[in-house]
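4 protein chains.
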Amino acid sequence: METFDAVSPLDYRYYGENQELFEQLKPFVSEGSYVTYLLKVEATLVQAMANKGICSPKIAKEVEQAYNRVTPAEVYREEQRIQHNIRALVNCLKAKISPPAMPYIHLFATSADIMDTAAALRFKELTHKVIIPHLNKLERLLIKITRQGKDIVQMGRTHGQHAVPITFGFGMAEYVSRLGNRIEAIRLAADNLRGQLSGAVGAYNSLALVGRELNIEPDDFEREFLNLLGLKPASHSTQICEPEYVADLAYAVTSCFSVLANLADDMRHLQRTEIQEIVEQPDKDRVGSSTMPHKVNPKDFENVKSLWKAFMPRMNTVFMDQLSEHQRDLTNSASSRFLMEVMVGLVCATHRLTSVMSKITINEAAISHNVNLSKNQCVAEALYTLLAVYGHPDAHECVRKLAQRCREKGIQLNEQMWKEAAIKPYLDKFSAKQKEVLLNPEQYVGTSARKAESVCSLWEKRLFDTPDR
Amino acid sequence: METFDAVSPLDYRYYGENQELFEQLKPFVSEGSYVTYLLKVEATLVQAMANKGICSPKIAKEVEQAYNRVTPAEVYREEQRIQHNIRALVNCLKAKISPPAMPYIHLFATSADIMDTAAALRFKELTHKVIIPHLNKLERLLIKITRQGKDIVQMGRTHGQHAVPITFGFGMAEYVSRLGNRIEAIRLAADNLRGQLSGAVGAYNSLALVGRELNIEPDDFEREFLNLLGLKPASHSTQICEPEYVADLAYAVTSCFSVLANLADDMRHLQRTEIQEIVEQPDKDRVGSSTMPHKVNPKDFENVKSLWKAFMPRMNTVFMDQLSEHQRDLTNSASSRFLMEVMVGLVCATHRLTSVMSKITINEAAISHNVNLSKNQCVAEALYTLLAVYGHPDAHECVRKLAQRCREKGIQLNEQMWKEAAIKPYLDKFSAKQKEVLLNPEQYVGTSARKAESVCSLWEKRLFDTPDR
Amino acid sequence: METFDAVSPLDYRYYGENQELFEQLKPFVSEGSYVTYLLKVEATLVQAMANKGICSPKIAKEVEQAYNRVTPAEVYREEQRIQHNIRALVNCLKAKISPPAMPYIHLFATSADIMDTAAALRFKELTHKVIIPHLNKLERLLIKITRQGKDIVQMGRTHGQHAVPITFGFGMAEYVSRLGNRIEAIRLAADNLRGQLSGAVGAYNSLALVGRELNIEPDDFEREFLNLLGLKPASHSTQICEPEYVADLAYAVTSCFSVLANLADDMRHLQRTEIQEIVEQPDKDRVGSSTMPHKVNPKDFENVKSLWKAFMPRMNTVFMDQLSEHQRDLTNSASSRFLMEVMVGLVCATHRLTSVMSKITINEAAISHNVNLSKNQCVAEALYTLLAVYGHPDAHECVRKLAQRCREKGIQLNEQMWKEAAIKPYLDKFSAKQKEVLLNPEQYVGTSARKAESVCSLWEKRLFDTPDR
Amino acid sequence: METFDAVSPLDYRYYGENQELFEQLKPFVSEGSYVTYLLKVEATLVQAMANKGICSPKIAKEVEQAYNRVTPAEVYREEQRIQHNIRALVNCLKAKISPPAMPYIHLFATSADIMDTAAALRFKELTHKVIIPHLNKLERLLIKITRQGKDIVQMGRTHGQHAVPITFGFGMAEYVSRLGNRIEAIRLAADNLRGQLSGAVGAYNSLALVGRELNIEPDDFEREFLNLLGLKPASHSTQICEPEYVADLAYAVTSCFSVLANLADDMRHLQRTEIQEIVEQPDKDRVGSSTMPHKVNPKDFENVKSLWKAFMPRMNTVFMDQLSEHQRDLTNSASSRFLMEVMVGLVCATHRLTSVMSKITINEAAISHNVNLSKNQCVAEALYTLLAVYGHPDAHECVRKLAQRCREKGIQLNEQMWKEAAIKPYLDKFSAKQKEVLLNPEQYVGTSARKAESVCSLWEKRLFDTPDR
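First to last, the sequence lines map onto chains H, U, Z and G.
Here our numbering is used: the first residue of the first sequence is 336, the next is one more, and so on.
Here our numbering is used: the first residue of the second sequence is 336, the next is one more, and so on.
Here our numbering is used: the first residue of the third sequence is 336, the next is one more, and so on.
Here our numbering is used: the first residue of the fourth sequence is 336, the next is one more, and so on.
Among the hints, a few may not be true.
Note: identical chains are not told apart, hence a pair may lie in one copy or across any two.
To be verified - Below 27 Å or equal to it, Euclidean Cα-Cα: the simulated DSS-like pairs (lysine-lysine) are:
1) K764 <-> K619
2) K619 <-> K754
3) K764 <-> K736
4) K431 <-> K619
5) K396 <-> K736
6) K361 <-> K375
Hints in this document: simulated from the structure, not taken from any laboratory.
When you get a sec, could you build the whole thing from the sequences and use the hints?
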């Protein structure tokens with residue numbers, strides 16, 4: 336199959352046609368890589384047998400050297416013949432080794448032991464080697480932008496309406512915090528993935544039958560085997576590993592995806608023609624529209640949101656795949672294969688978002704222009720709060736009516752207020768600093784700058800202070 | 336990219352590695368085919384211009400001959416440079432034609448005109464050329480099985496419990512009916528897809544500017560253009576076509592997928608070791624389990640259910656993609672690319688289901704054995720109905736208690752009933768035929784056989800009587 | 336239970352606390368109404384028996400007069416005792432009639448016959464009596480607003496960026512068209528709902544047993560019964576009616592909900608402080624924020640979007656409920672009860688949207704201000720089109736670069752263009768009218784006004800011209 | 336509104352009509368309780384002010400004594416007037432206190448501060464007081480059943496086909512483990528919920544304005560306030576608390592729901608007429624079917640699965656609600672109100688499942704009968720494993736063919752095997768114990784009993800050893 340014969344947009348476009356992501360992801364996400372993981376797990380199983388004296392170290396070594404020579408294509412050909420993917424793989428591996436080594440391949444294992452363990456391993460390695468590094472890169476960039484904008488006064492917005500001022504960096508700090516939190520959640524879930532070697536129905540039937548003679552405790556052997564792969568067993572398994580471990584990772588990834596989508600939404604709205612608070616510097620040759628030559632569109636932000644729409648609903652599949660009849664049914668087999676796509680989707684979105692975020696510039700002129708649009712109405716909260724603090728029993732309603740009057744008459748609240756006899760006695764009690772804020776509402780930013788900085792410091796410390804990350 | 340570098344299970348496995356499906360589907364579902372569709376739509380647009388006298392027929396012919404020479408790879412390369420997929424395609428097409436023809440390429444169109452029209456066209460053709468034929472093949476097979484089993488008395492099951500008897504064919508007729516109904520729904524939705532040529536924001540701005548001088552009504556021109564492709568316009572479009580037409584198709588396909596999944600569930604439960612009412616004849620070399628050599632698993636039915644779990648939740652994406660800000664935002668761009676996968680998923684599931692259904696045999700011995708397990712308790716309904724018809728004021732409660740007593744004592748209801756003095760007067764009124772049914776509950780199948788046949792006839796007529804389908 | 340003991344936001348807030356909606360909806364959507372529908376269906380079944388001579392007309396009349404005296408509370412009490420909802424209802428009904436009438440209650444029916452038929456009936460009546468009237472009211476309002484704004488030049492927006500001009504009415508016409516289309520879809524689906532009377536497993540077992548003696552064809556009897564209720568049977572039923580009919584309605588309603596959500600999104604974005612193209616006139620006492628007394632928020636539009644987020648995913652339940660093992664399992668019983676909530680959600684959203692849309696005013700000053708922000712850049716498309724039409728071989732790229740240059744230098748495209756030597760020869764060919772449009776880009780609105788009007792006329796005719804709707 | 340006027344199945348049926356659950360849940364889940372939580376949070380805010388010297392302790396005390404006198408009904412009435420729920424609540428509270436206390440109500444807070452904090456508090460208390468106790472009760476019951484059945488040999492099932500033996504208790508231990516794991520996940524998520532007091536846009540604007548004069552650090556004050564409620568702040572908040580904390584709880588609850596659904600599925604399949612390995616002892620008066628008086632249906636297990644289908648898809652809403660524009664939009668307001676229903680759904684399902692699980696009996700006769708159906712074929716795995724261990728290079732294929740032959744000829748594998756010359760040399764090496772297992776396959780249960788016990792011990796210790804739980 337050629338790239339453009341593919342039906343998956345990941346394969347022909349977002350992953351397969353992005354050289355950088357393709358190289359990074361292929362060793363973990365491609366079907367070829369999965370076959371290699373399966374083979375590695377099979378080889379590790381023989382190594383565990385050698386460690387426990389079930390077979391000779393020489394056999395383990397032979398298998399170790401053979402497994403890389405099995406190709407996905409030959410496994411698929413064999414599967415076509417016998418209609419069983421893991422037995423096909425086992426047959427192919429056996430064909431590469433000597434007869435004395437053959438009996439030990441896949442011994443004591445059921446297919447799911449190999450597949451679930453390989454899946455845990457590759458999800459874990461993918462997380463540490465690709466997903467986390469990509470997310471960390473974005474997080475560092477967001478921290479940089481947050482600090483860069485921490486003193487730039489911007490109008491805060493709720494319901495799409497001007498609320499009270501913040502700083503640009505404070506607004507960005509939301510994403511430093513939420514993304515940081517999700518990076519931790521993803522790492523936690525990936526490190527909690529489990530493997531297994533409990534046989535056809537999870538009761539170590541075949542291993543127990545043989546172990547009895549060899550003084551091997553089945554669960555000791557399972558731990559030994561998983562230990563070689565850096566994994567641990569679940570507290571119970573049937574034919575399959577308890578599905579909640581993988582579901583937890585899927586959830587962490589999906590909820591992280593939502594954070595990216597939210598950031599993308601905010602950015603593209605800040606780019607609206609009427610708002611323009613951030614500006615994306617397009618490449619010289621970039622075309623915005625096939626018919627409107629003047630256009631510059633926030634297509635990368637839109638792409639991130641769109642990928643989220645494509646992948647978020649896949650959690651429904653994960654929840655349905657938690658259900659498996661008795662010791663297992665196979666109705667999670669095809670569906671669980673698609674889970675890897677969600678991981679790839681997240682990486683593609685993160686990569687795209689990092690790329691575009693590194694190209695935006697903060698348009699201070701527009702930000703300031705927008706602040707000026709409504710800052711003199713936005714003092715309403717400050718005024719109400721001060722009236723209340725200085726004893727007005729119904730400050731909110733009083734200011735609401737005053738603001739309404741100003742809006743209708745088209746006059747500025749923080750000019751009119753001083754002329755209102757009814758509140759005069761309270762105004763007189765305001766401190767000089769408080770009056771200054773009312774007259775210069777761009778000072779009414781609370782602890783924006785300090786909070787932006789403290790959020791950056793916190794997450795830098797939590798995520799990056801550990802040496803080996 | 337090689338097949339096993341792919342991350343999509345469709346690409347490396349269900350579509351890409353299935354030679355038969357690959358050949359059938361590629362001309363409609365691959366990215367390469369999409370590029371070809373886009374080019375065809377662009378060429379058709381020039382043809383429409385020639386028809387209306389905007390350009391010469393010679394130019395239209397030149398474009399018609401050129402468009403097939405543009406390759407997806409070159410379009411993607413150009414897109415990398417200018418970051419716009421349709422403008423890239425236009426540039427590639429222009430590079431294949433003479434300067435006088437160049438200005439007419441993509442004239443009056445916005446990208447979405449080309450893409451939405453191409454999407455409608457390929458969904459429609461895919462439906463007629465691949466989806467419907469596959470579904471029809473399954474439908475014909477189900478009709479055959481229904482007729483084959485229409486007289487085989489089987490125990491009806493509700494809640495997993497034996498209810499009252501039906502026939503095997505009656506049970507199958509459910510799927511003849513439901514699948515037939517969905518085939519009609521899919522066809523209806525596909526035939527209702529719309530194209531457009533309404534420009535950047537849907538108001539025919541550029542076309543109207545020029546049309547004024549040329550006496551061309553924009554909507555006439557749009558109809559002319561779409562007519563060449565066998566499509567119609569929606570009642571309104573913005574930059575994009577109203578999303579409900581595609582959503583309707585997505586829904587029809589998804590709800591059809593559920594019918595397949597339900598059938599697959601029923602079949603695999605009928606194959607349970609304790610039930611065994613259908614038997615799947617495995618190929619000689621087929622391996623059932625990598626560790627349990629004796630096993631024969633209903634893996635194909637499980638696969639169909641599993642594919643449904645993978646694809647059903649994609650409707651959430653479709654619903655989210657119905658929302659697009661103002662004249663459009665681009666957050667439906669990446670996500671809508673994934674919709675084609677649902678179509679491919681349905682075809683893969685249908686193909687798999689047809690294949691395995693053609694290999695099952697009806698195990699009459701097991702069916703009969705199962706009927707005998709409980710037929711003598713199952714007369715409860717018949718008894719209650721007759722008691723009621725012959726005037727017993729509380730027949731249901733009376734029979735419920737009797738059945739409970741029989742169950743507890745382990746005796747047969749249709750032996751004990753004749754000994755019950757309280758109902759004797761009613762029993763005496765039963766006709767000979769009615770008594771016969773009570774004594775031979777396998778006769779209590781209602782109109783099973785007739786209904787099975789009438790359902791088959793109905794759907795054969797609705798689906799297949801039209802000559803050209 | 337008191338209103339504020341409820342856990343459902345519908346019950347304690349959106350439906351239960353909205354007097355108007357409560358009164359309209361209660362007869363169709365409350366559990367109490369469902370019990371009444373079930374009783375009505377049971378009574379109709381006896382009427383059908385009387386019509387066919389199975390029982391006397393007197394008995395049918397007695398039942399008809401009795402069924403309204405059964406209360407939901409007594410049915411629930413009886414259910415608590417016997418743990419079966421329909422048998423409980425039957426017992427309660429029987430307690431209200433004479434012994435000779437008793438045997439005919441529920442005769443030949445299984446619970447699902449009654450429940451599925453009642454569900455079809457109440458969905459259908461709810462649709463015609465409440466859903467469609469509410470949607471029609473909104474549609475008429477949208478038509479009014481469309482006409483009102485059909486000549487008000489507004490900037491078209493794609494990707495949140497100014498594109499080329501349209502008119503306000505043209506923008507609204509999108510929703511006239513899409514909502515009209517969905518109203519038709521909902522009506523079609525509601526009118527296609529089916530009932531049934533096919534007994535325990537769908538094969539008319541009990542009816543056939545008795546019918547034989549009485550010369551009654553089971554399916555004739557079913558048609559007679561359903562005919563009394565204005566319904567038709569499906570082509571097949573098991574214990575339950577084929578689920579696709581209800582799923583079709585659920586889909587039509589959900590996809591209509593998306594249209595409302597899209598409209599709400601557009602409206603709230605047009606209300607953004609920086610855009611302000613529509614203004615919502617709040618009531619005098621309305622509070623916008625508990626702490627910011629100056630705020631006026633688009634809370635109703637936000638509510639509509641939020642309700643869509645709450646209800647749209649319920650389609651997953653509908654798809655899962657399409658699957659029922661063998662002649663039925665009961666795993667669709669609790670879940671399908673929740674479907675009515677989606678209908679109520681749609682009505683609440685429609686009501687809210689109609690209410691707020693009737694209060695908005697079109698802010699022509701702001702619209703005009705926004706058009707002026709970028710109209711002189713937006714002529715790029717017009718310029719490119721004309722250059723192409725008059726023979727420029729690379730018009731798009733030429734204008735793209737010119738627009739880029741203008742953007743960087745902060746000069747107006749439609750001033751600079753006349754000074755560009757390279758395109759001078761083409762400009763000279765432009766007609767006077769075309770030059771006028773370039774100089775006055777607010778004229779570049781294509782057929783906006785005409786299209787807005789034709790969309791209104793079309794849907795008025797399709798939806799409202801029929802006398803009895 | 337009366338109970339049967341409700342549209343929500345929770346309100347009129349599963350919660351509102353279940354006296355036991357209603358009493359337990361109402362204090363946390365009803366709208367009335369929510370209003371009380373909001374008021375409590377408002378009162379606590381005044382207490383925090385008193386602690387920091389902003390107002391007098393007397394005022395705090397006055398508010399503390401007043402808040403319980405505000406009723407939901409009066410809040411809703413006031414909301415109708417001013418159209419703002421929290422300002423309505425504040426007005427009602429102010430009406431109950433003296434003028435000097437009035438200004439301090441809601442001072443420094445935005446509505447979301449109160450609502451998000453109250454939501455965190457009630458989700459946390461609901462979890463600890465109702466959800467966890469219900470889940471723990473089920474968990475203890477599952478542990479009891481597991482131990483009860485740990486030595487009862489049962490046939491393990493994969494793909495609905497007999498695999499190799501386990502014990503009944505081993506099969507149940509799966510759910511002890513998975514449910515235990517989810518109980519921990521739910522507790523973790525509930526204990527990690529956050530509150531906030533950061534004002535209109537999260538930057539402590541009003542608090543900072545006043546705090547400056549009073550030497551109050553805004554984030555100190557927030558911590559003081561939350562500390563009084565047993566909560567902590569998030570690392571950042573805008574107008575709203577970071578949505579991931581609540582999403583994490585929603586996920587934990589939803590994934591726990593899937594475990595219940597899986598258990599319910601397994602149980603109802605074990606109750607199939609042909610399997611009957613568990614038997615549900617119905618109450619004497621219970622009706623199974625309205626037309627088939629003999630039926631006993633697994634309706635409670637079906638109900639649990641059905642509730643899962645109703646509530647699982649709600650996670651899509653949670654993911655969509657993670658997105659909120661800028662410092663917040665209100666499109667999560669209505670939708671997030673529905674989240675409480677998922678919690679109630681889980682409790683209803685847990686309650687139902689606990690109730691029915693306490694009524695099932697293990698049908699040892701049927702279990703043994705089913706083991707005997709296929710135990711002599713199921714030795715295939717044991718045979719293959721031993722052949723391999725004793726050096727057969729192609730043991731799996733050899734046994735697969737032998738098993739196929741036996742199946743076709745209808746002979747027992749563990750009789751025929753001893754007659755096969757080709758494997759004789761290996762068989763001779765088998766130990767006596769191994770041969771015994773082959774002849775008595777019911778001994779081939781691996782470590783089933785021991786594993787069942789160890790899983791029980793593990794989770795008892797993890798969940799119940801802590802004194803105060």
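- Task: Please work out whether the CA atoms of K764 and K736 approach to 27 Å or closer within one copy, between two copies, in both situations, or in neither?
- Result: within (22 Å within a copy, 60 Å between copies)
- Message: Please sort K431 with K619 into within, between, both or neither, judging by C-alpha distance up to 27 Å.
- Response: So K431 and K619 pass the 27 Å test across copies only (25 Å; inside, 55 Å).
- Classify it for me, K764 with K619: is the Cα-Cα distance of at most 27 Å met within a copy, between copies, both or neither? Neither, since 58 Å and 30 Å both go past 27 Å.
- Intra/inter-copy verdict for K361 and K375 if alpha-carbon distance must be at most 27 Å: within (16 Å within a copy, 34 Å between copies)
- Identical-chain pair category, K396 with K736, by Cα at 27 Å: Neither: 84 Å inside a copy, 31 Å across copies.
- Is it within, between, both or neither when you check K619 against K754 at 27 Å Cα-Cα? between (55 Å within a copy, 23 Å between copies)
The structure does not agree with the numbered hints 1, 5 stated previously, though it agrees with the rest.
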